[in-house]
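Chains A and B supply the protein sequences, listed in that same order.
Numbering-wise, the first sequence is residues 2 to 119 according to the working numbering.
Numbering-wise, the second sequence is residues 41 to 974 according to the working numbering.
No lab work stands behind these hints: they were computed from the structure.
Do not take every clue at face value.
Claimed, not checked - The calculated DSS-like cross-link candidates involving lysine-lysine, where the alpha carbons are at most 27 Å apart (straight line), are:
{"hint": "1", "chain 1": "B", "residue 1": "K428", "chain 2": "B", "residue 2": "K926"}
{"hint": "2", "chain 1": "B", "residue 1": "K679", "chain 2": "B", "residue 2": "K742"}
{"hint": "3", "chain 1": "A", "residue 1": "K24", "chain 2": "B", "residue 2": "K111"}
{"hint": "4", "chain 1": "A", "residue 1": "K82", "chain 2": "B", "residue 2": "K926"}
{"hint": "5", "chain 1": "B", "residue 1": "K721", "chain 2": "B", "residue 2": "K742"}
{"hint": "6", "chain 1": "B", "residue 1": "K190", "chain 2": "B", "residue 2": "K428"}
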Amino acid sequence: MGQELDHRQMDLLQGTLDMLILKAVSLGSLHGYGVLLRIRQISGEGLAIQQGSLYPALYRLEHQGAIASSWGESENNRRAKYYRLTAAGRARLKQETEKWTRMSEVINGILRATPEGA
Amino acid sequence: MSLRSFVTRVRTQPRSWFRAVFHRSRLEADMETELADHLELLTVDLIRASHSPAEAARRARIELGSALVHKEGMRASLGLRWFDEIAADLCYATRILRKSPGFTAVAVISLALAIGVNATIFSLARRLLYERLDVRHADQLRLLEWTGTKGRVAVHDVWGRANPLPGGRVESNVFTYPVYQELRAESHVLDDLFAFKDTVMNATIREEAQRVETEMISGNYYDALGVRPVLGRAILPSDDAAPGQGAVAVISDGLWEREFGRSPAVLGQIIKLNDVPLTIVGVNPRGFTGAASMLSSPDLFVPLAMQPLVSPASWDGPHELSLLASTHEWWVSVMGRALPRVREAQAQAALDTQFAAAVRATETVRAGEEIPRLDLSDGSRGLFEQEKTYAKPMTVLVTLVGLVLLLACANIANLMLARGAQRLREMSVRMALGAGRLRIARQMLVESLLLAALGGAGGLLAGYLGRNILPKMIGNEQEHTYFAVHFDWMVFAFTAGVTILTGILFGLAPAFAAARGEVAHGLKETTQTTTRRRKGMDGKALVSFQVALSTLLVIGAGLFIRTLAGLSAVNVGFRTDHLLLAVIDPPESRYPAGKDILLHQRLEQAFAAIPGVESVTAATVSYLSDSLSSTDFLPEGEKYDPLKSQGEDYNLVGDRFFETMGIPIVAGRSFGPQDTRTSAKVGIINESLARARFPWQNPIGKLFQTSLHDMHGHDNQNTNQTIRIVGICSDTSYTNLRDEPPPQFFLPYVQQVRVGAMTYEIRTLMGPEAIVSELRRATQAIDPDLPLVNVRTQDEQIAEDLQQEHLFVTLTSGFGLLALALAAVGIYGVMAYSVAQRTNEIGIRLALGAQPQQVRGMILRESTWIAVAGIVAGVAGALLLARLIKTMLYGIAPYDPLTLCSGVLLLLLVALASCWIPARRAAGVQPMEALRHE
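Same shape as in the complex, but just chain B (with noise of 0.2 Å):
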């Protein structure tokens, strides 16, 4: 065929087709006219041969030969043929699927529920643990680390994370300003090296007061991560040149749409940021997290030189406001990109000289003092501090989903083989008829694939909505750490690739074992076989496997639900209930030590003259909510030793705060008015404390000292003062509900130089929701510019608390009930399938004497056989996989026996149920009847 002829079919074949197939009645109408006027002039021209008309006509039917054949071979010419024949199929495995919708049911169902749970968990993960930054070449980028041997290390003041390590050494991922700029300085290893702070800030944009995430940056950060702003411009070097001179911020887009509605307008307004007055003068791009996080943005973009200004540092007294000239205060991120020219290993060990000698530049290390290791890690994901949170879990949801996909898999499997069983007679008949193996294997596949394709479609819709509700099961919506989860095309396709290929599989095995059979052997076989013989896979095994899968997710969910209850049947210590907790964070540059007391005083007071209000307390620490204060607590007699850990949890209080909490005095006093900030310096401690510290001893009347450490880690000389215990009070939890009471002690915070933010603990009278614009109302009537934030009831708290339980427990239950469902099926199935093939034999047994109770133990026996052998299997599985979720678990050991047990009776019952059934009807058999049956 010439490259010409070639170009012309391409070109006129597809719309010959398409013409064909949409046209469809057009063309059979046409054909019919051009054979009949073929026929026409073809007689004419036998009759001018003379012929009589009649024999004219029998002549020119003969010689055109059946129109059927022509037209069909017209229909071939065409490429209409696999078209019908398919179309045929189609209509044909439609009508089958429509005959058996239990069966149909079940296999779309769960097709759909596994390709749609693995398409969601996937896609979740992916997004939390597998995405990069939405910058160029995110893969370039390197994140510079130390570590150090913790409590020997030459590093102080952290103000970020500093994750333990094993071994008694630790890490983190912050460096101080004169080192970052000695390392930019000096470092050519890495491209330009680029400085970040994320940190939550009070601003005021469109005179509305609110909490936003703020990023400092410095000023070579949008050109090294390559990011142009979508509206005007970005953070320049010169920005960031001098101290406090660069007021300007770039917006992101959540910000642009929520607060100005995309308006161009946006740039050259000006925003308060903790007071200061910032120019907007750009607009990130959509997709643009931040280096910080590939999760959400920040929604503030400043230069690191206006941390003086708008983020001061007032902790180590009002002459060293800015960080950027502190040698000892550890806070900013550092990245960079690798250069394609420097190795990974050269690159690290010319940073780690570099950064040892900024390090001794900078500060002065003492004797004995380790200077800190340099790491180069991944970049891409920012500083990926999700992973901490979410690596362990996402582990365990991907596991238990791959779980379900097997099942399904299974299911699939067993469904197709009983039907394939089911229909050898139908195979043999189509091929007595003169099918060919080919044609009834396409027939098998097409009804293969539209099962998948149902299938398709509901994990489709399963998958959408999994999307759409699991990121709110774990988002915080108080905290905007919503996210969203993009949906992933190919966990989806791979998914459903995996359970098609499955049904595929299995759905051709039958059909297969069909044609190569003998055809008078598969017509010959009829229930009429006394003898138990296998053909080929009965799916008992397969059932089995389901049962042990089963197994091990019920297991699996009774584990969390166990935990679950553990933790919500916790005695916290204190009344949960109508108890409304907010929090206002009072700006360093307008509440300088001293005002800030002042001011948590007036709004005590504000507070607790709203109607409906029982009574108010702030305190620095909110139970339940993951956060903690520790410092040093020396009892009299007792000195400072830096090698001993001496820290014990503590809490700044109102005077109320023991009667609003409803938490006991057990002895001595509560704070009360008398407690002032000129009078005795006074403390409470709890119970626990009283034990550790005070052993065979009254704690009251003591002293003790503590060098009160703010929440940086800062020594704090004022409070260096001896305070006396004045009462003991019960013990609550603190951090979070799995953690035992630890020991803590309670301050009263009118006596401390400052406090900072504070959390508002309102016990009301009604639906504490009710309240909270009165709180805003009161709060806007002190300062307008302070947000009310984190506004929530302490039950909400707590259950935020349980979210990652309670979400692991829906999901498990979900999949556990699922898997029983499923197993369920698939014994009922294979047993039914069983009675049905034996009912002659039983018939038999029947005839010769069995007892009917005989046959049903019979039966029930076989079942539970098949059931045994899948729950041990699956016992053993969970017994190896529990120890996977051993830290995730409250209250139980990973081989919980009481779990163990009622998942085990659970799926005995279950199987037990499932074939009962079938070995009614066994035992319900007539010897005659089956005798006679076909």
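Just chain A, with the same shape it has in the complex (with noise of 0.2 Å):
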């Protein structure tokens, strides 16, 4: 992926992904390959993925009851694996933005913060 590497694309950090892939899949269900273009569009192509760590966290998720898989028709008239939010899954995408929201917040004012006095 390196050469391709835009610089205006940031990584990914850590631990964010099954947010996003969550997100991703909490508005219609996709196959795996539908989860990274979903994510890139909506990041407005501002995020790199390694698009290999997708698959593992996919089956993380799944393992875990937060998403559900079944087999369908892609767009290309193949089998392929779609993916769907659980009600375990909705619960937790709710509760990690909260999180996440909380802590950009925190971090945001540290970061605004300007010297006492000044």
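Put the two chains together into one complex, using the hints given.
Printed below as a string of structure tokens:
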């Protein structure tokens, strides 16, 4: 992927891939490549995702019951595995979103702090 | 993680894991498809972005990365990684174990034997000595016992056990019925006291006469024990209210199954017990074994109030058949439950006071007599009568199997160490290739566990077989003292745990040694070591330990073999072959004094008429069957003196006794048809009695008196008359093979008032078993309600007497052989390994001019030292432990020199033999090859 590296693209923060996958499939069921495309699309090509690490993450989430999969037809009329959010996954997405929001607010707060008395 | 997602995970993860494991090929195919799809879609997109197809495919592959790595990550996500690794370890371990079948076989077999033998013996010990009665809160049960000074205590007639204690005291657990009633009425320190008495009676069940164990019980028995029949009702206080009133019986589960096929129609059926009809009103639950024993259940339970009818005591004359009112006959056992609010010592003190009062109130205590003291003892195992028989042998057996367990552990440790040393290089290579220490430790663990699992499975099998065989070796089929041993899972788990833990510890030790060591050092480590360097434990100490244990077991086996040989060679003084024994016990109600003698005479004649019978005699005591009768023997001029021991063993016999048994008459005459009921009273004494009581005299024609007691020790006034000695016979063994032939005298049974049960001794021409059915037919013809019981040949009787010795010889020889084999393997293994390690050194020695026999001598010397160290320790241990089994030996001392010497010699021979091959290999080393070697 090295050659493709766009300088505007950011590396994914540790542990946020799961949240992004959950968000991506919360908008409708997707196959693996579809998840990748949707994240790219939403982020406006701003995020670099290791394509290979997508699949272990999908399997982990399914193993944990946050997403479920079923086989269906893809756009090119081939058998493809579609992932969708489960109730537990929805709860987890909500929880992680809140956590992320709180975290980013706190960090933003810290970063915005100006020297006292300045 | 929130609770909800945790719950979801707990629910879905195992399911997902199992799906992945059990549909592995589908999972692999799915992963393949998914990644291939991704690649294809990516390629199509890249072509759309105006790349050439070839370039697009290349870029797509680069962007996606290695499919192998991703699939590994996906598998890890599903928790399959450790599963795959363990499966690989297991596969590798199987391959390693199959590659060295000798090692595997020795390890697995020694594990299996140790586990199996321990599980069996410990289960048996637990069954015999530690299990409790199967009733609610058995631990609360207290058994009443009394102790007193022998000869002074105010207890005269005991029907039950009276065990001598050290210091001239005697202990018993039977009471008179009036004392029981007094105690029950007065005592409030124990919950309701109940009474019971176990005895064997003749019963007719479904038209078939048989001997059954019967428990006579008080009316509150079922309530106090908290036992409820599975069918019908229990025996109630109303059944036990008045003598002879409650003609009811509750039967055991065993009898229900045996005689009635578990049919509910059993209720209301009539059985006859000593000719008294009883109605079956209930069936006991399966596990309930009565209050007397936790081993096997009596078949019938009847109210104590029925005693005057079903078990009349005619020894005091016909006016006192009931023991219920007897103040001098001590016969019932008494139990009660401890109350939580009363302390043990307090209860004991209160009961003792009440007991003393009850004794004084119910019987006349003569001057100088002592009131017995009451003790409360544990009643959770019933009367626990098997303790005297089995406590000692079981202790010895448990010690022996403990040694076997140690031996097996030493063996496993040794094997694992040797293997670890051999694989040091393999470990170093693995580590050099990047294996982590934990990874190596885990692999060794898997190997040890696989070995342990095989051993454990073998142990389970051995334990199961042992469980089925052992009770047969201990139980007694003729007397139905047959009991089931439950397989004890606790014991199995314990022994399996110990051996497996040993395997793991010693399996891991080399792995850790390897892990600690420098990789480069391990790789350099080759056979090219010329100096001897100790690499941790080299197993020699372990082998010495094995030799010591083997010495111990071999000497133990030797002692038991010598004992059995000694006992088998005992001259019993009569012909034991072609001799059949059978017992007839005529019930008192039907055959009162006099009639029983007529019956025995008729039976003697009927048996003698059977074709194939050479001669027949009846006798009250059968030889070598642990029974005896003894009474005062007073030659003319000697007075009865209660302080002197004047008792001698005797036997009441038929007039063809000496002829049938083949006991020579050395002087005077034998009994004959001329000795009848009305003729002058005659007796025959044996040589020992002649020597003891008539030294330097001719006893023939001498007169003596005997205050004949019957089997319960009651004075029998009617026989208190003068008897003339008419003959002297040679000595014979009496109760068992161990005791020297005692002085004995013989009286014709026809000249007695009453004899009761007699053993028929039948000398046959052909195999004795052939006439058993004829005997039964002859008995039936005379009285269809009379069972012929305890039928066995004299040789079987002797074998039974020697059962324990046989068992010990079998087990100890087995253990001894096992120990020898293991020690031999141990010595061979250690020496072979040592020789292989020292090939270079030996080569140099030979090159420098050492003679092959010098090299051989060096190796032999080394192994001899290992063996000698072990043997010395083993002999010391044997001398220490042999004192424990002193009472179990016959004819030899615990330090029997012959046994010790042969044991030591055997061990030395085995040691030399097992290192002969390594020594020869060492002597045959070619110097040039050895130096070029590696």
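Cross-check of the supplied hints:
1. As the CA atoms of K428 (chain B) and K926 (chain B) are separated by approximately 16 Å, the hinted pair is consistent with the 27 Å bound.
2. As the CA atoms of K679 (chain B) and K742 (chain B) are separated by approximately 16 Å, the hinted pair is consistent with the 27 Å bound.
3. Between K24 (chain A) and K111 (chain B) the CA atoms are separated by roughly 24 Å; this keeps the pair inside 27 Å, and the hint holds.
4. Restraint check for K82 (chain A) and K926 (chain B): not satisfied, since their Cα atoms lie roughly 81 Å apart, outside the 27 Å limit.
5. Of the pairs offered as hints, the one joining K721 (chain B) and K742 (chain B) holds, with about 12 Å between alpha carbons and a cut-off of 27 Å not exceeded.
6. Under the criterion of a C-alpha separation no larger than 27 Å, the hint pairing K190 (chain B) with K428 (chain B) is consistent with the structure, at around 20 Å.
The structure fails to meet hint 4 from the earlier list, while all remaining hints are met.
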